[in-house]
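Novice: This is what each chain is made of:
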Amino acid sequence: DSGVTQTPKHLITATGQRVTLRCSPRSGDLSVYWYQQSLDQGLQFLIQYYNGEERAKGNILERFSAQQFPDLHSELNLSSLELGDSALYFCASSVGEGNQPQHFGDGTRLSIL
Amino acid sequence: SQKIEQNSEALNIQEGKTATLTCNYTNYSPAYLQWYRQDPGRGPVFLLLIRENEKEKRKERLKVTFDTTLKQSLFHITASQPADSATYLCALVPFSGGYNKLIFGAGTRLAVHP
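Chains A and B, in that order, give the protein sequences.
Per the working numbering: the first sequence = residues 4 to 116.
Per the working numbering: the second sequence = residues 1251 to 1364.
Treat the hints as calculated values from the structure; they're not laboratory data.
Keep in mind it's a predicted model, so treat the numbers as computed, not measured.
Heads up, some of the hints might be wrong.
[Unchecked claim] If we take Cβ atoms under 8 Å as the criterion, some of the chain A residues that face chain B in the derived model are: (1) Asn62; (2) Phe67; (3) Gly99; (4) Asn102; (5) Gln105.
[Unchecked claim] Straight-line C-alpha distance at most 16 Å; calculated EDC-like pairs for lysine to aspartate or glutamate: (6) B/Lys1351 - A/Asp43; (7) B/Lys1309 - A/Glu100; (8) B/Lys1253 - A/Glu100.
[What the hints assert, rightly or not] One-sided excerpt, in silico: chain A residues whose CB lies under 7 Å from chain B: (9) Arg25; (10) Glu100; (11) Asp109; (12) Leu113.
Note that CB positions come from ideal geometry on N, CA and C, so glycine has one too.
In isolation and in its complexed conformation, chain A is listed as follows:
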């Protein structure tokens, strides 16, 4: 058990809808990272927060946004969903920034119908 909790485990919705994925980091970890994993793209870095501030951005679509709250949990919001957004979304956390191992949750599987 990594200590990182992601909810929900599965989400099925339709094109055009909006969903929110939630992540609770390991106790004591200040950094939260979001990744997307699809069969054809592998694991892609989306965005990172450290202690409530956005610190790094990957190829995150404008339809996607995230935030980290004062209690350090994070949410990833996906809107105007398209079929191609179907993927596993992982959250990871680490104690600090940069040169740190990351601890991953077991992901949210998003299916767009």
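Chain B: place on chain A using the hints.
Specialist: The following block gives chain B in isolation, referenced to the frame of chain A:
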């Protein structure tokens, strides 16, 4: 273009042998490199981290090497066991970007047969 390449074909080995997985990168200057294990339906699990000025790191049956001249990292599992069967991902952190971006390879699936 920038690439991280791992063997896309599965590696099949016999129990007790040493498994060696390869990670090659192009047009990156990694500050350090990490290896993760991923089981089906689960998140990646951190295994080892090696810095760009280190040649080798060991942890129990695991060994990682890092050759910045060859632009390659090798990951070894000695005395392999069926429980080592999983997908292994290498990930590098480039010097640019504040050391916060992990860029993953596609992974190599390892199958250890009894």
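Novice: Next pair to validate is lysine 1253 of chain B with glutamate 100 of chain A; report whether the Cα-Cα distance is within 16 Å.
Specialist: Violated - the C-alpha atoms of glutamate 100 of chain A and lysine 1253 of chain B are around 24 Å apart, more than 16 Å.
Novice: So, as I understand it, the hint says glutamine 105 of chain A touches chain B; can you test that by seeing if any CB pair is closer than 8 Å?
Specialist: holds, 6 Å
Novice: For lysine 1309 of chain B and glutamate 100 of chain A, compute the direct alpha-carbon distance and say whether it is at most 16 Å.
Specialist: Roughly 23 Å separates the two Cα atoms, so the pair is violated.
Novice: With a cut-off of 8 Å, does the beta carbon of asparagine 102 of chain A approach a beta carbon of chain B closely enough for the hint to hold?
Specialist: Where the cut-off is 8 Å and the nearest Cβ of chain B is about 6 Å from asparagine 102 of chain A, the hint holds.
Novice: Does the nearest C-beta of chain B fall within a distance shorter than 8 Å of the C-beta of asparagine 62 of chain A?
Specialist: Status violated, d = 10 Å.
Novice: Using 7 Å as the Cβ threshold, decide whether glutamate 100 of chain A counts as touching chain B.
Specialist: Interface hint status for glutamate 100 of chain A: holds (6 Å vs cutoff 7 Å).
Novice: Hint check: is the beta carbon of leucine 113 of chain A less than 7 Å from a beta carbon of chain B?
Specialist: violated, 14 Å
Novice: Under 8 Å is the threshold here; is the Cβ of phenylalanine 67 of chain A close enough to any Cβ of chain B for the hint to stand?
Specialist: Cβ of phenylalanine 67 of chain A sits 16 Å from chain B, so the hint is violated.
Novice: Taking the least C-beta to C-beta distance, is glycine 99 of chain A closer than 8 Å to chain B?
Specialist: violated, 10 Å
Novice: Does the alpha-carbon distance linking lysine 1351 of chain B and aspartate 43 of chain A stay inside the 16 Å limit?
Specialist: violated, 20 Å
Novice: So, aspartate 109 of chain A near chain B? Judge it on the closest CB pair being under 7 Å.
Specialist: holds, 5 Å
Novice: Please verify that hint: arginine 25 of chain A, Cβ, nearest Cβ of chain B, below 7 Å or not.
Specialist: violated, 15 Å
Hints 1, 2, 3, 6, 7, 8, 9, 12 from the list above are not met by this structure, while the remaining hints are.
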